[in-house]
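Chemist: Sequence:
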Amino acid sequence: MIAVPLALGVPGSGAAREARPNSTKVIGLVTAVEPAQITILSGNGGEVTATTQEDFTQKAAVGSKVTAWYSVRDGANVLDWMEYPR
Numbered sequence: 008m009i010a011v012p013l014a015l016g017v018p019g020s021g022a023a024r025e026a027r028p029n030s031t032k033v034i035g036l037v038t039a040v041e042p043a044q045i046t047i048l049s050g051n052g053g054e055v056t057a058t059t060q061e062d063f064t065q066k067a068a069v070g071s072k073v074t075a076w077y078s079v080r081d082g083a084n085v086l087d088w089m090e091y092p093r
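Its first residue numbered 8, the sequence shown is counted upward by one per residue in our numbering.
Derived by calculation from the structure, the hints in this document are not laboratory data. We put the beta carbon where it would ideally sit given N, CA and C, even for glycine.
Between beta-carbon pairs, the in silico distance windows are:
(1) 50 x 81: 24 to 30 Å
(2) 29 x 69: 25 to 31 Å
(3) 90 x 29: 15 to 21 Å
(4) 29 x 65: 25 to 31 Å
(5) 32 x 60: 17 to 23 Å
(6) 29 x 93: 24 to 30 Å
(7) 83 x 38: 15 to 21 Å
(8) 41 x 80: 15 to 21 Å
(9) 39 x 90: 16 to 22 Å
(10) 29 x 68: 25 to 31 Å
(11) 32 x 61: 17 to 23 Å
With these hints in hand, go ahead and build the complete structure from the sequences.
Modeler: Here is the structure:
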């Protein structure tokens with residue numbers, strides 16, 4: 008599994024993720040991936056779509072299990088961090 012810090016100044020440690028009090032963690036399967044957004048089906052059956060700062064189309068395929076942290080900014084979900092299989 009790869010941990011990807013996004014271009015938001017998020018350091019690459021677990022402690023850094025926990026230090027972001029406004030981030031929400033979601034674990035689930037990728038149901039859609041586009042150059043500027045990703046949709047994840049969580050274990051509780053809800054879907055989360057988040058905008059991204061990088062293109063994950065070649066990194067996280069539909070059906071991949073991922074762990075993602077996102078926050079709400081200006082009314083939109085924005086991906087802060089994502090871990091996905093290689």
